[in-house]
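Chain residues, written in single-letter form:
Number of protein chains: 4
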Amino acid sequence: MPGNTFGRMFRITSWGESHGENIGVVIDGCPAGLELTGKDIQVELDRRRPGQSDISTSRKENDRVKIVSGVYEEKTLGTPVTLIMENKNANPDDYREMKEKFRPSHADFTYREKYGHRTWIGGGRASARETAARVAAGAVARKFLREKFNVEIYGWVKKVQKIEAPDFAPGEISREQIEANSIRCPDSKTAGQMIEAIEEAEQKGDSLGGIVGFAATGCPAGWGEPVFDKLEALLGHQLLSIPAAKGVELGSGFAGTNLTGSEHNDEFIEKDGEIKTITNNSGGVQGGISNGMPVVGRVAFKPTPTISKEQKTVTTSGDETTLSASGRHDPCVLPRAVPIVEAGVALVLADLALQS
Amino acid sequence: MPGNTFGRMFRITSWGESHGENIGVVIDGCPAGLELTGKDIQVELDRRRPGQSDISTSRKENDRVKIVSGVYEEKTLGTPVTLIMENKNANPDDYREMKEKFRPSHADFTYREKYGHRTWIGGGRASARETAARVAAGAVARKFLREKFNVEIYGWVKKVQKIEAPDFAPGEISREQIEANSIRCPDSKTAGQMIEAIEEAEQKGDSLGGIVGFAATGCPAGWGEPVFDKLEALLGHQLLSIPAAKGVELGSGFAGTNLTGSEHNDEFIEKDGEIKTITNNSGGVQGGISNGMPVVGRVAFKPTPTISKEQKTVTTSGDETTLSASGRHDPCVLPRAVPIVEAGVALVLADLALQS
Amino acid sequence: MPGNTFGRMFRITSWGESHGENIGVVIDGCPAGLELTGKDIQVELDRRRPGQSDISTSRKENDRVKIVSGVYEEKTLGTPVTLIMENKNANPDDYREMKEKFRPSHADFTYREKYGHRTWIGGGRASARETAARVAAGAVARKFLREKFNVEIYGWVKKVQKIEAPDFAPGEISREQIEANSIRCPDSKTAGQMIEAIEEAEQKGDSLGGIVGFAATGCPAGWGEPVFDKLEALLGHQLLSIPAAKGVELGSGFAGTNLTGSEHNDEFIEKDGEIKTITNNSGGVQGGISNGMPVVGRVAFKPTPTISKEQKTVTTSGDETTLSASGRHDPCVLPRAVPIVEAGVALVLADLALQS
Amino acid sequence: MPGNTFGRMFRITSWGESHGENIGVVIDGCPAGLELTGKDIQVELDRRRPGQSDISTSRKENDRVKIVSGVYEEKTLGTPVTLIMENKNANPDDYREMKEKFRPSHADFTYREKYGHRTWIGGGRASARETAARVAAGAVARKFLREKFNVEIYGWVKKVQKIEAPDFAPGEISREQIEANSIRCPDSKTAGQMIEAIEEAEQKGDSLGGIVGFAATGCPAGWGEPVFDKLEALLGHQLLSIPAAKGVELGSGFAGTNLTGSEHNDEFIEKDGEIKTITNNSGGVQGGISNGMPVVGRVAFKPTPTISKEQKTVTTSGDETTLSASGRHDPCVLPRAVPIVEAGVALVLADLALQS
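Chains as they are written, first to last, in the numbering used here: chain A, -10 to 345; chain B, -10 to 345; chain C, -10 to 345; chain D, -10 to 345.
Read the hints as simulated data drawn from the structure, not as lab findings.
Careful: at least some of the hints might be erroneous.
It does not matter which identical chain is used: a pair holds within one copy or between any two.
[Stated by the list, open to error] Below, simulated SDA-like cross-link-like pairs (lysine to any residue); rule was C-alpha separation at most 20 Å, straight line: (1) Lys64 with Arg101; (2) Lys90 with Ile258; (3) Lys265 with Glu141; (4) Lys64 with Pro283; (5) Lys55 with Lys77; (6) Lys137 with Thr310; (7) Lys260 with Gln192; (8) Lys28 with Glu299; (9) Lys137 with His106; (10) Lys90 with Ser251; (11) Lys88 with Glu62; (12) Lys55 with Asn247.
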């Protein structure tokens, strides 16, 4: 039954309901001797936090993280690192209407079927609140990867509904560019169009989905475990566990199916004594193992299901009814999904690094 | 280090190199009392087998499966079910040239980097030969799901390069339709075009990729384990572990990002005392848990990297060279990928069924 | 690297250093719908708490447990149940001398060797403080086993140094008898001798070890997973993970080696339509699977290594020195080990119950 | 449900019924580049094989092991190493009487309760035949430990019924001494008495149990994972999973409870630049982590339950009956248990070595 743990050697266990007092995460397996302070984690949580900008929900979560175990004098001990965040500003009133109605494309119905009860006062574990735990744990994974291997991880908004940013080479992208606008799209022109589209959807009481791209640079060759724990497979597992994610692709992905083998194959070359590939349709992974090129991919997020526009649904007894979500919800989760995707990539890479 | 086991309660361990005498798989956790004979497994292996038709490799693997443990008087005992297949017709000569050359977009380079050696005489564990073990184990999972829950799993070729079949409702598709042609595309007109394209690519010494669609009908609501072991996440893990898979999407997937929330949400209705949804953009999964609708998705496969067309590459010492693959290789793996995808879906569902 | 998680379906993750602010435990897999309040847990924690009586350390830990997730309106949700306890009254001064000395038969030296550092200000994860997390999680497992299966678990002090209590049949023992004296030995006469021996050892600045017996009644036949996860094997794993435990035996255990097969075998009989055994040398387990008889066994605890008597040791640089522990330490951990052993048994049984 | 896998990084999966054609084991995680031939494994299997001497069963199993995957040109590839052994000379007639009778202190009854069926034609997975798989896998673990760390593992018969050999310091014992007699007791005088006692029991149609001691020399400090995966805990898990094992103790074990803390503590000394302990009551493990001293312990085995002496029991329908086992059975498993215990110790140490 239990699915709240991820990873084998860098292993996280996430806990806490959105309507409870706290949520948290235990990281078991973080090596001893890593310098770590709350700031390392807070900076990532602040990027995930709601209420950062006009296009995200006005719900406030200040998300102050507290390191309650595993760190002494700003260094990890090798024992479990536990991070706790308070839930503030939860408002059960926002959920009162859902007490007796199933929200379309939410987890209300399936949780009731699985667990035999409903906690209508909030999304519980199915709430996006849970992703704060991943971001917090991911920040530790990221620090470890950076200090030990010089790995850097970048995520950005590639597409909002039908508005798509041009492609970037992983080396051309910087954290500054990504953070330069509220939608986290490194192409400023596209960013403007995306923001406009989101504002328009919000006015209509509707929501938009899109695609987040990611790249990890600096991974050495050799990470990933054949046969079932290929690097792609673990990324697929982690990234498809993010709420609202409906697709994951690596390297050329779905579009790569339009090419022939001779067009798609990545030719090897020797460069400064190292073997590299000219193109990177493989997305940095061959045979499930990293090849030293950037690990690149994309994650598709469906439009947020919570909308204020009226929708048809049924009550918990199966009677027809309608529902208009009140409360404060993101019209588009994409900008906040960026740090969540980055955290997921970091968690997978740290876990594989420790197995190599 | 070990990545050859998949699943928690219905757990398979796959073993064997393509150049060895045997490959096999151990299934631990298959419930006692399931009727099982070699035939149940052979039928699926025959669908995966090379040399079935003009558009697949002429390499022969007769793939006779032998049940060597866990079954007595045609019933499972509850103990590990071990399936063994002989490797026949392996031809090291096909690989002699690769002894000192890295094949582009293959696992040659990454295996050397990870394990410090090369077994040039064949793909070893990175060979598609390994997928026979999944198909064999998947056949057992499938039998269990059918007998116990009435679950049926269908896969089909949705797209070959740029040729795409129309969409099907899961209920409209039958095994007969899928098996009616050598490409396993249930739309006969598209099937003809796909076969033509593959033959053309083959003549040019090139290869094609594409997309396999899948649907599982009959899953009850309640399968899937929040937070990290969501049904989508486990499908992503399993299906992205298939060689050449570069993307997985569930329900509306990447295309779903073009819709607004109000268009994308699946309205609930009550039908014959059961709560269902009108549309199925969720792909049968909400909050990571099955909702009783068909579980649907798609897997993208890159074009086979082994082509007879000459390609640039480097030797194991890093010198520039060229390579033209001799030997017998599929110009398009898609039709043989269908039973592999179906097996992957079955393995995930059986594992989750036993946890529910 | 990570070893802070135990169990597969009823899975606990323990965290927190003795010198930190908090310790805690996350229980993943506790079924939904179990009635649970802090009281259910507190009652067991109070039995483990130091300072209960004259023969335990005067160090105060009030160990108020707080349920911070997984329970709503006094029922479990099926989501992770997180329990947090504050560390109070930790006194770094007690440890100052150990900063540069390795305590004999403690974890000081091995932790330094493994993690490359020392946190001299307390035992950290190696401290017996960690066992509070097990007892807390075990209380939840126990509640589940009692409500769902009518399983009851008893532990008692069987032996202190050379003073040994007579044997009891599992059915003859009650919680009241066990709690009737401060040493938790159900035979009052032996109890008195044990307490006397402990007081004598304490006066000499020395410590005593002993044996805790346990019995679980009400387990149905069928719990335990052959081959490696036999009921005995999992009990061995869990109980030998308790600090200071140096031996575990089930049923007749080491003494059973003195019998012949014909003396040792447990004859089957039919009683009220159920198949039982007359004797229980098997300790309720045959072939690794419970047989419906009480599950019985014993755990050996070495004498506490922390003593005020002067001992020879070396400094962290390897120079000869002596050490006399100051601070407040139990002269005999046995009475407090009783709830820890019971918790360990409960955790194993709950985990296996959910797999059956 | 599945319990046929042991280990995390050096992970074995055992399969096969005693009455089937084959049994085998898959080792996932054995590092690449280890020299390995069938001989390395056969030598250990030959020590476990029945029919080696007058005091073991006359049942013949020639136990020729075949390496069917994971090794190429006598070196491991880093892929799963699969070992297969044929079952020869199985004789269903020996079991015919048990078809309708439960053998006392065997797994017959519990397997029926768990799996809902009986395979009376042999012990199936509960048969000691299964231990051949452990010994085979353990031989690989042992080779790895020896080549990489210079670890040596010794097991010997310490006690048969009430006849006990004197204690040995781990350094004083050699493989030659252990193999010098058929009971594998390094003290030749005690060995003679043990053999005599076994022969006498056999004549009476009875059986004897006893204790196997073990020592592993050469383990560096730092192996073992706090909190739940302590070195002692994993040894307890593995060794109590051996059929007929009813107790495990480490270091001073149960007898250590007779000492006071000041007697029991192992004083540290500095010797040739290394920190060692004078005594080794800790059995080489402190705080769950190896301290560089020999890892020592003992395993108690109950007398074999299969005896030709008539016993009372019940039929599968619960009626009273009697049973006298025909067939060929060991009057005392102890000498054959020695390589099984050694294998178990090797499997635990290899697994922990790869996590350190």
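Hint check:
Only between protomers do Lys64 and Arg101 lie at most 20 Å apart by alpha-carbon distance; the minimum there is 14 Å, versus 43 Å within a single protomer. In the homo-oligomer, the alpha carbons of Lys90 and Ile258 lie at most 20 Å apart only across protomers (12 Å), although the nearest pairing inside one protomer, at 60 Å, exceeds that limit. Within a single copy, Lys265 and Glu141 get their C-alpha atoms as close as 18 Å, which meets the 20 Å cut-off; across copies the closest is 43 Å, which misses it. In this assembly of identical chains, Lys64 and Pro283 lie within 20 Å of each other by CA distance neither inside one copy nor across copies; the values are 29 Å within and 32 Å between.
In this homomeric assembly, Lys55 and Lys77 come within 20 Å of each other (Cα to Cα) both inside a single copy, at 14 Å, and across copies, at 18 Å. For the identical chains of this complex, Lys137 and Thr310 are neighbours neither inside a copy (56 Å) nor across copies (35 Å), given an alpha-carbon limit of 20 Å. Neither within a single protomer nor between protomers do Lys260 and Gln192 lie at most 20 Å apart by alpha-carbon distance, with minima of 53 Å and 34 Å respectively. For the identical chains of this complex, Lys28 and Glu299 are neighbours neither inside a copy (42 Å) nor across copies (45 Å), given an alpha-carbon limit of 20 Å.
Proximity of Lys137 and His106 under a CA criterion of 20 Å is satisfied inter-copy only: 18 Å between copies versus 46 Å inside one chain copy. Taking the shortest Cα distances, Lys90 and Ser251 sit within 20 Å of each other only across copies (17 Å), while inside one copy they are farther apart (54 Å). In this assembly of identical chains, the alpha carbons of Lys88 and Glu62 lie at most 20 Å apart only when taken from different copies (15 Å versus 47 Å within one copy). When the C-alpha separation of Lys55 and Asn247 is checked against a cutoff of 20 Å, the pair qualifies neither within a copy, at 48 Å, nor between copies, at 39 Å.
When the structure is compared with the earlier hints, violations turn up for hints 4, 6, 7, 8 and 12 and for no others.
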